[in-house]
Amino acid sequence: MNVPVPTRHDEAWRYSDIAAVETAWPLPAPESIVVPAGGNFARTIVQDAGSIHQLEIAIGKAATAAVHILNIGGDFGRVELNVTLHDGADFKLGAVQIGGGEQTLEIVTTVTHAEPNATSSQIVRSVLADTATGTYLGKVAVARDAQLTDSEQSVKAILLDRSATANAKPELEIYADDVKCAHGCAIGELDPMGLFYLQARGLSPADAKKLMLQAFVAGVFEGAADEEMLTEAALKKLGDLV
Amino acid sequence: MLQITNLHANVGDKPILKGLTLSLNSGEIHAIMGPNGAGKSTLGYVLSGRPGYEVTEGSVTFNGQDLLALEPHERAAAGLFLGFQYPVEIPGVSNVQFLREALNAQRKYRGEAALSGAEFLKVAREQAGALSMDMDMLKRPVNVGFSGGEKKRNEMVQMGIINPALAILDETDSGLDIDALRIVGDGINRIMRKPDKAVLLITHYQRLLDYVKPDFVHVLADGRITRSGGPELALELERDGYKELAA
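Those protein sequences? They're chains A and B, same order as listed.
According to numbering that gives the first Met the number 0, the first sequence is numbered sequentially starting from 0.
According to numbering that gives the first Met the number 0, the second sequence is numbered sequentially starting from 0.
Here chain A stands alone, though its shape is the one from the complex:
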């Protein structure tokens, strides 16, 4: 079947680099992962070459899945997750995207609580410089019978230059009545008074920024098997930007 190339009218591709998408089209079928009941799944994705990753994860009864993403490389990098949670399942996402130059970086998630008692938590931090664009589109859908769903989204972005762009769209679609769905979203700049305070103690402007950005992304990779590698790669990319 031939799927047409998406356009800006497609909500999920609205902020994409359509020219880059065209060259990658048609995409291969998404990678499909089934976590059996009671199972544990973990995956680390480092997008450093300008590519599109699509992942479908079905998490079985009382099973867990944790995905950690570092989205930093290429002109256009996109990671798409389509997650379905069954009874009592747990999903965790920790994602950092760091872009400079003219990069376009995206994380797009659809998390469906299909059955009751499942929990999901998504943390996304973006740091953007120059004319880079960073986008997070995150939909959480709670099915009619999925009572006692507990879902959380924390989305924050820091713009290092006024010319950079951050898009953040947490979206909730809830059909059950006894659920907890929290979402928070903030886009800002580094606190100039904080930067001056650090410099007045001896840190160069670049080191002061790096220290504050390091704090901004700290904790996102907590618990990942590759925590050290991810943190180091993130810091290296931050060092390139400041």
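Source of the hints: derived by calculation from the structure; they are not laboratory data.
The model shown is predicted, which means the values in this text are computed figures rather than measured ones.
Each hint should be verified, as a subset may be incorrect.
Unchecked claim - Heads up, simulated PhoX-like pairs for lysine-lysine below, C-alpha to C-alpha not over 25 Å straight-line:
1. A:Lys168 - A:Lys138
2. A:Lys235 - B:Lys121
3. B:Lys150 - B:Lys138
4. A:Lys60 - A:Lys138
5. A:Lys209 - B:Lys150
6. B:Lys150 - B:Lys121
7. B:Lys138 - A:Lys209
8. A:Lys235 - A:Lys179
9. B:Lys107 - A:Lys209
Fit chain B to the given chain A structure using the hints.
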């Protein structure tokens, strides 16, 4: 050590300092007192290089160097320390990590070897202990959740660790209770009362000067030093108020 000559500075378009001249020698403690809005804090920010504080005229030399030509971090490495009136909260950045990086950045700038983690912790422990501050607080994010008094004490711990040649302390006494005032005063004397160091104390009140005896007291009013004298001037100000003397 510090020579300020005919300093004029604007914040935005507004002139705040209007021809301030002041000279500090090694071994001296100077107090600057003055009414609200006289330009006391502006002087501290101009000397430490805060963005947005623009010098329009005059000069400042610090140990023979043109201070105004240096970036804030270069001024710190040259030995200047600003104790903030409102120490800034920086979520996520631990005090210990920040101070070690800051100290080592200064040492590197001066061509000195970096302190190892163990060496640094030893210094940090000594300074925190001397100021009755719990080491656990030093491991917490910079000033986050600290009370006003704890923030000021943390400034003094930082000053002890960094060990500067010149400290400009902007209302370090505000927000302190009697006990904390004594601890902070003792800290200033212990760290800075030395023949090769100098202190510029910016304050509203006489009470800090009971603990840290100044050699000179100056009145700053409307962007200029309008009167200078010995410690007795502070007592006179306390008695008569600024209005009489500033005129």
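Here is what the structure says about each hint:
The straight-line distance between the Cα atoms of A:Lys168 and A:Lys138 is roughly 8 Å, inside the 25 Å bound, and the hint therefore holds. Distance restraint check for A:Lys235 and B:Lys121: the Cα-Cα separation of roughly 30 Å exceeds the 25 Å cut-off, and the hinted pair is therefore not satisfied. Distance check on the hinted pair: B:Lys150 and B:Lys138 sit about 14 Å apart at the alpha-carbon level, within 25 Å; holds. Taken as a hint, the A:Lys60 and A:Lys138 pair is honoured in the structure, with Cα atoms around 21 Å apart against an allowance of 25 Å.
Taking the CA atoms of A:Lys209 and B:Lys150, the gap is about 23 Å. The hint holds against a cut of 25 Å. About 21 Å separates the Cα atoms of B:Lys150 and B:Lys121, which keeps this hinted pair within 25 Å; it holds. Restraint check for B:Lys138 and A:Lys209: the C-alpha separation of about 19 Å stays at or below 25 Å, so the hint holds. Our distance criterion of 25 Å between C-alpha atoms is broken by A:Lys235 and A:Lys179, whose separation comes to about 37 Å.
Straight-line distance between C-alpha atoms of B:Lys107 and A:Lys209 comes to about 18 Å, which keeps the hinted pair within the 25 Å bound.
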